[in-house]
Amino acid sequence: MTQVSDGQPLHISLGLTDQEYERIQQILGREPNRAELAMYSVMWSEHCSYKSSRIHLKNLPSEGPHVMVGPGEGAGVIDVDGVAVAFRIESHNHPSFVEPVQGASTGIGGVVRDVVSMGARPIALLDPLRFGPLPGDAEADASAERNRWLTAGVVSGISSYGNCIGVPTVGGETKFERSYSGNPLVNVMCVGVVPDGKIMLARAPGPGNAVLLLGSTTGRDGIGGVSVLASASFDESAETKRPSVQVGDPFTEKLLIEGSLSLIDKGLIVGIQDLGGAGLCCAASESAARAGTGMQVDLDKVPLRETGMQPFEILTSESQERMLVIVKPDLVKTAVEECERLGLRATRIGEVTDTGRLVATMGGEVVADVPAESLGDGPVYDRPYAAPAARPDPGPPAGSAPSPQEALLRLMGSANIASKRWVWEQYDYQVQLGTVVGPGRDAAVLRIPGTDARVAVVADGNGRYCELDPNLGARHSVAEAYRNLSTMGAEPVAVTNCLNFGNPEIPEVMWQFVEAVKGMGEACRTLETPIIGGNVSFYNQTMDEAIYPTPVIGMVGVVPAGVTSPAPGFVREDDAVAVLGVTAQELGGSEYERTVLGRVAGTPPALDLQAESNVGWLMREAIARGLISAAHDVSEGGLGVTLAEMCIHDGWGVELTHGCELDAPSWLFSESASRVVVGLAFQDMAELRDLAQNLGVSVQELGWVKGRSLFVQDVINVKVGDLTEAHETGFARLMGQ
Amino acid sequence: MTPNVGVVVFPGSNCDRDAHWSFGLMGAKVRYLWHLETDLSELDAVVLPGGFAYGDYLRVGAMAAYSPVMEAVKEFAASGKFVLGVCNGFQVLCEAGLLPGALRRNDTLRFRCMPVRVRVETQDTAFTTGMWPGQVLAIPIAHFDGNYYCTQECVEQLEAERRVAFRYCDREGELTEESNPNGSVGHIAGVFNEHRNVLGMMPHPERAVDPVVGGTDGRLILTSLLSSIASAASRVPSP
Chain A
26 MTQVSDGQPL
36 HISLGLTDQE
46 YERIQQILGR
56 EPNRAELAMY
66 SVMWSEHCSY
76 KSSRIHLKNL
86 PSEGPHVMVG
96 PGEGAGVIDV
106 DGVAVAFRIE
116 SHNHPSFVEP
126 VQGASTGIGG
136 VVRDVVSMGA
146 RPIALLDPLR
156 FGPLPGDAEA
166 DASAERNRWL
176 TAGVVSGISS
186 YGNCIGVPTV
196 GGETKFERSY
206 SGNPLVNVMC
216 VGVVPDGKIM
226 LARAPGPGNA
236 VLLLGSTTGR
246 DGIGGVSVLA
256 SASFDESAET
266 KRPSVQVGDP
276 FTEKLLIEGS
286 LSLIDKGLIV
296 GIQDLGGAGL
306 CCAASESAAR
316 AGTGMQVDLD
326 KVPLRETGMQ
336 PFEILTSESQ
346 ERMLVIVKPD
356 LVKTAVEECE
366 RLGLRATRIG
376 EVTDTGRLVA
386 TMGGEVVADV
396 PAESLGDGPV
406 YDRPYAAPAA
416 RPDPGPPAGS
426 APSPQEALLR
436 LMGSANIASK
446 RWVWEQYDYQ
456 VQLGTVVGPG
466 RDAAVLRIPG
476 TDARVAVVAD
486 GNGRYCELDP
496 NLGARHSVAE
506 AYRNLSTMGA
516 EPVAVTNCLN
526 FGNPEIPEVM
536 WQFVEAVKGM
546 GEACRTLETP
556 IIGGNVSFYN
566 QTMDEAIYPT
576 PVIGMVGVVP
586 AGVTSPAPGF
596 VREDDAVAVL
606 GVTAQELGGS
616 EYERTVLGRV
626 AGTPPALDLQ
636 AESNVGWLMR
646 EAIARGLISA
656 AHDVSEGGLG
666 VTLAEMCIHD
676 GWGVELTHGC
686 ELDAPSWLFS
696 ESASRVVVGL
706 AFQDMAELRD
716 LAQNLGVSVQ
726 ELGWVKGRSL
736 FVQDVINVKV
746 GDLTEAHETG
756 FARLMGQ
Chain B
240 MTPNVGVVVF
250 PGSNCDRDAH
260 WSFGLMGAKV
270 RYLWHLETDL
280 SELDAVVLPG
290 GFAYGDYLRV
300 GAMAAYSPVM
310 EAVKEFAASG
320 KFVLGVCNGF
330 QVLCEAGLLP
340 GALRRNDTLR
350 FRCMPVRVRV
360 ETQDTAFTTG
370 MWPGQVLAIP
380 IAHFDGNYYC
390 TQECVEQLEA
400 ERRVAFRYCD
410 REGELTEESN
420 PNGSVGHIAG
430 VFNEHRNVLG
440 MMPHPERAVD
450 PVVGGTDGRL
460 ILTSLLSSIA
470 SAASRVPSP
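Going down the list, the sequences are from chains A and B.
For the first sequence, our numbering gives the first residue as 26, with consecutive numbering after it.
For the second sequence, our numbering gives the first residue as 240, with consecutive numbering after it.
These are computed hints drawn from the structure, not numbers from a lab.
Computed from a predicted model, the values in this text were never measured in an experiment.
The reader is advised that the hints may include incorrect statements.
Listed below are several chain A residues computed to face chain B (Cβ distance under 8 Å; list not exhaustive) [unchecked claim]:
id	residue
1	189
2	460
3	635
All C-beta atoms in this analysis are idealised placements derived from N, C-alpha and C, irrespective of residue type, glycine included.
Could you build all of it, start to finish, from the sequences and the hints given here?
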């Protein structure tokens, strides 16, 4: 057993347990050498092997009529009116905490390559982000300044990388909660379209075929990134982990996208896989194992960016912007020439074999020889889990609550509700000319290039709800994504998920995970939105403090031909204003309680998935019939914030009556589920009511569009201009600008 | 007569496909021009699209200015044919010396993607025939380095020679401080060369040709250019 200087066995410092080490010995029938041990350590890391999550994920629904490729590939693929649409979500949480600009940049690079490796041209990015509270926020703490720096850095990283590669960033979320101070979340979703349905798979078929490495040179950056950074919690030494963060080069990524797609288009390759976590050893072993072949790789051929690199470094380096492709021998010359024409490096580094083994040589000697399949066939753990002790009830809030009007104005300018224009104006959301509905809306709508087909895309998550009840919170996350798409008139089709949790070795964290997966599965089954891929990110914690459990749902839907998404706010004076769904006294976990009352407690709103489905059907049908002029779902901040945002859209006011038994704050700020506010012509009200009655959905008429103030009789009378001012300037102020 | 338009593709260009599509939609015959190509003989106009040519490493547009295609574009422009540079293309034209001035970092020190308004300053050019001076166009921007700068002397010369194409303005055409998105001197959003056959502009007209995405004001620039080419061709008798 190799020892390292501090007396700790090497496998332990690489993150492997004694049992795992023994299993490696059994597989090889001998002691692994240094390179082999490094390969197993990264491939069997939590990040690559899903060893703690796999037994739970297998219960998620993954099949449906639109699904062309399900979980387990670079990205899932669905059929949208005959067009193959690939999408995937990934996390780059830990690298972004250590170095926000590069961490966020390379997060984009990775998920874009996943989508390209399916043969798809990326058409959109979405960035769900979570940070600790900013200075001036109700929850601001000692980390507030650092949180601001992280926020600015991550946004700048997304901006510089995403804009450069020419993929529009059309959506996402930017939210702030106390629990993310020690561990922000940087998730990225990428959507792509496969031209002519030529879906590629990550396979290395045909012994004798050549293995080519495309793109950047290989350096020492990111060695052990998946094991050192992604599969361990942070302690005080976070700064020392900076060398494990990779550095992005978006220009090379752009060349890699064009080069890969050109090779596929010209039929020059038979397999392709990107080099992401665990680098070359992952791409080589996975693609060989999937095809039931083996692979021989000559490490002397790998173009390096520094001298003296050891075999284990070359095999596990996570240098960015690289892709592995499999080429028939007689096409190698043509493929290399095509890459050279495009300014992309392409190097033949090995060949496919029939041995079932991944063999690496260097200096004429074998430096690693392992069964290819064994690297991907890591341990599977059924980790113990246990519900945490009940949260102590913090009791009623200390201070007195402000008036509903004051509370609304405060919410409109608060970190989670204020317009994120400051963020998304830094993203090129228009390039490729497909962005029909861009950022700042319930969901984005994209026209698929060369067709009239449209997809709606959204990313949603609610960590605070999941902290209070992970099962219910996860169901809410799915339901809200579903509602957002329905509000655009889109039929939800499929889901990719990014499951961000703390340390799975802690039973209470594992319990959160197990419950969230159960809730998500139930919601996706009921709403008929199968999960076709995703990512699990554990160890999101610093010291003892885990993040709020945060499953993020990326959902894609189809906008039927001829359907135009309604405006997100009121556009016509004298239209009726109505709310679909029932408002109840449900302030637990609400934005109002967090931001105005300074309290995170209680139970999130109840959720009836069938009712959610019915409201979705109603919205889609009413929009398809052209009844709806304005629609916006009710979520964070309740009815009050939804109405205010709908007024802000075009400057119209409303005259409403509160008209129910709830007290004003509950009516305004409860986050009861499955609700949408709509604007429509009065003469269309009857038709909407008829439709709603058939589906058992409640419709409450609140009033009409009128004037330039948001007026609720006896409760609120505020100028729309004041709401706009709060909403538009709030975030820049929190960012110190 | 169908105008022949070439869209230059540098490694790192990313609005080349959009420009191709938009000019095609407006009736041009369009082809891509890879950065190594030097034969522009059959073309009537060349478009330098937006993006990050050669990664914009060193300085925006700096490396692209020395690419083989730019040598040909210089001769092409000298022969009186039309060149349109948009965003990164504008930056390349400045670096190549085909247009005066330079594009610096936005004064906000952030990338900005947003719809803006520009005022048409000069009507009697091939790119602006379909417009009237003072007309306000809504065209999006998306850049980090769009802060146009040249010396005061140069600004005065541009104004005297009416070579300012567009200025950032508000809805009413006023040059308010808020309407200048990047700190450009004199609110300048686009300039012509001395012979007015080369136009560089930061806003993206090719992103405003379709009512479903981005509006249609950009069409005016594209169609002005294409109709100018067509009418010039009809005036010159074939040999």
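Here is what the structure says about each hint:
1. At about 5 Å, the closest approach between the beta carbon of residue 189 (chain A) and any beta carbon in chain B falls short of 8 Å, and the interface hint on this residue holds.
2. Given the 8 Å rule on beta carbons, the hint for residue 460 (chain A) holds: about 6 Å separates it from the nearest Cβ of chain B.
3. Interface restraint check for residue 635 (chain A): the shortest CB-CB distance to chain B comes to about 35 Å, outside 8 Å, so the restraint is violated.
Going through the hint list in order, the structure does not satisfy hint 3, though it satisfies all others.
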